[in-house]
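Chemist: Let chain H serve as the given structure and place chain D on it in line with the hints.
Protein chains: 2
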Amino acid sequence: MSDTVKSLAVVGAGMIGASWAALASAHGIGVSAYDPNPEAEVGFRRYIERARAQLAELGLTGAGTVSFSADLATPLEGADFVQENGPENEAVKRKLLAEIDELLPPGAIIASSTSALVRSAIVADCARPERVVVAHPFNPPHLVPLVEIVGADPEVVTRAAAFYRTLGRRPVVLNREMPGHIANRLASALYREAVHLVEQGVASVADIDAALCNGPGLRWALMGPHMTYHLGGGEGGIAGYLAHLGPSQVRRWQSLGSPSLDMDVQTKIVAGVAEEAGGRSIAELEARRDEGLLALLKARTLVSE
Amino acid sequence: MSDTVKSLAVVGAGMIGASWAALASAHGIGVSAYDPNPEAEVGFRRYIERARAQLAELGLTGAGTVSFSADLATPLEGADFVQENGPENEAVKRKLLAEIDELLPPGAIIASSTSALVRSAIVADCARPERVVVAHPFNPPHLVPLVEIVGADPEVVTRAAAFYRTLGRRPVVLNREMPGHIANRLASALYREAVHLVEQGVASVADIDAALCNGPGLRWALMGPHMTYHLGGGEGGIAGYLAHLGPSQVRRWQSLGSPSLDMDVQTKIVAGVAEEAGGRSIAELEARRDEGLLALLKARTLVSE
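Sequence order for the protein chains is H and D.
Just so you know, we're using our numbering here: the first sequence kicks off at 1 and counts up by one.
Just so you know, we're using our numbering here: the second sequence kicks off at 1001 and counts up by one.
Wrong hints could be hidden among the right ones.
[To be verified] If the Cβ cut is set under 7 Å, some of the chain D residues that face chain H in the computed set are: (1) TYR1191; (2) VAL1205; (3) LEU1212; (4) MET1227.
[As the list claims (entries may be wrong)] On the chain H side, residues computed to face chain D include the following (Cβ under 8 Å): (5) ARG52; (6) ALA56; (7) LEU60; (8) LEU146; (9) ARG176; (10) SER188; (11) LEU190; (12) HIS226; (13) ALA239; (14) SER248; (15) ALA277; (16) ILE282; (17) GLY292; (18) LEU302.
Calculated from the structure, these hints are not laboratory results.
Since this is a predicted model, take the numbers as computed values, not measurements.
Backbone N, C-alpha and C define an ideal beta-carbon position, used for all residues, glycine too.
The following block holds chain H by itself, in its conformation from the complex (with noise of 0.2 Å):
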């Protein structure tokens, strides 16, 4: 592979194949996709078609050509970089891998968009398993910028990101290998909370959700938790935070719930997820999100770094 990559293969063309798809094709990179059910193709050029569209309104007009076939071989053949996103199943995803590092000519890197399952448990039959990462996104890939990058060869972990660089993402490279990731792991402790006040019946789930994205939601689109603590620790900084309010931050994490998530609990989210939704549609909420990225987006980049 040359340190440039030209040809993109999409393995598994749902949506957040569809995502990378659009964005690789956007920045003028020629995707090739693949899904073992040929049907797919529509939804996934209807997804770019929707996609293509919003990066546009972020300046992204290339014209990178999208293939789609139904046989794992095609897109393969002359693709620099290959991006999987099978179903989240180890055994499913394990083969998977295993067959596209089998068909790739070498050199040329796997990264795998799982969310849930770690690196080494997915490469064990591949041949070649240094050459594969872990490149896990955000939904929805084309507009959130991270990338957590879980690799074994760091020369490989270093191309993997410089592409990455290159579609405009904001790659994070994990030292060693975490289920969860990062990402998914804060936002996993931050959800266990979130469900304790609901279960103590604290506030709404509307008034939860209101909480977070018009207090420390809003800050942390910004900047991450220790950059906050930075900032709230008046002259000292960080040193000053840890000093002073270390002992009562050790002291909140002790008084944090252990909820369940019993048929109780669940009857309580999703009757307060209803009533803030307030009758709009999945597909409306999400316009609304993507909407609500875009104007994000656009307004970051205003922002002196």
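Modeler: Positioned in the frame of chain H, the structure of chain D alone reads:
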């Protein structure tokens, strides 16, 4: 008190008090401030000047006058609403709220900005505790919309929430008090896992921060965790999500860390934040945060509800 607040007394003229004063003044509400330290006035007025320039960018150019006194009785005379921003010390706040309650005409509401204390403890010495609410803002209150309200009298809570709405804030009402209210508990839960990932060497402080603000943090500036999973559940929404992925969410919760904040971890965090800050001072980082918040707030006004 009439339904419209014409005069706000700000007790405690530090950063939070000054931010409240700037916000009210920009909405055309007269502000009378108190701080026991007469020298606090200079910093108070300097903060307001800077905050008013930011609020002007959001189109808020009201002409509420701002006065300052080192005598508590002065600002309370004729005030419709008091925002207390004293030190986060239970004994100090309890005494201060009791003094305000004694001096303030009946009917006017007293709101405490406390982040760490619970209402029942700090109203203990008040003659009319029912008119005292917790109204906890997020820093900086003139930019971040969230106000978390805890009260005992529903009518007082309703009136307080209505006042914050006139200031363009998003009040969230807790059904019962909880240490850390809602948002800081969510932040604390997330931070525990962020510290765990540092402790375990999974990634650098800067990369953990980047994973949040380029991933879930970006989405959380638009919607809370429940709505996020509603959109992550496909056609089945949150009910489908909980039914299919609830068990894996619970397993994830069980895998989250319980780090300590010992000196070794603190040293890693402080060094990591210094690297992330890259020589930028806290003042520079704060200016960038506020610039970013302004841009995000403007962007959010463009997004349909």
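Chemist: Hint by hint, say whether it matches the structure.
Modeler: These are the hints, each one checked on the structure:
1. TYR1191: Given a least distance of 5 Å, the restraint on D/TYR1191 holds.
2. VAL1205: Holds. Min distance 5 Å.
3. LEU1212: 4 Å, holds
4. MET1227: 5 Å, holds
5. ARG52: 20 Å, violated
6. ALA56: 17 Å, violated
7. LEU60: 17 Å, violated
8. LEU146: 4 Å, holds
9. ARG176: 6 Å, holds
10. SER188: 4 Å, holds
11. LEU190: 4 Å, holds
12. HIS226: 5 Å, holds
13. ALA239: 5 Å, holds
14. SER248: With a closest approach of 6 Å, the H/SER248 hint holds.
15. ALA277: 7 Å, holds
16. ILE282: Holds, because the Cβ-Cβ distance from H/ILE282 to chain D comes to roughly 6 Å (cut-off 8 Å).
17. GLY292: 4 Å, holds
18. LEU302: 5 Å, holds
When each numbered hint is compared with the structure, violations occur for hints 5, 6 and 7.
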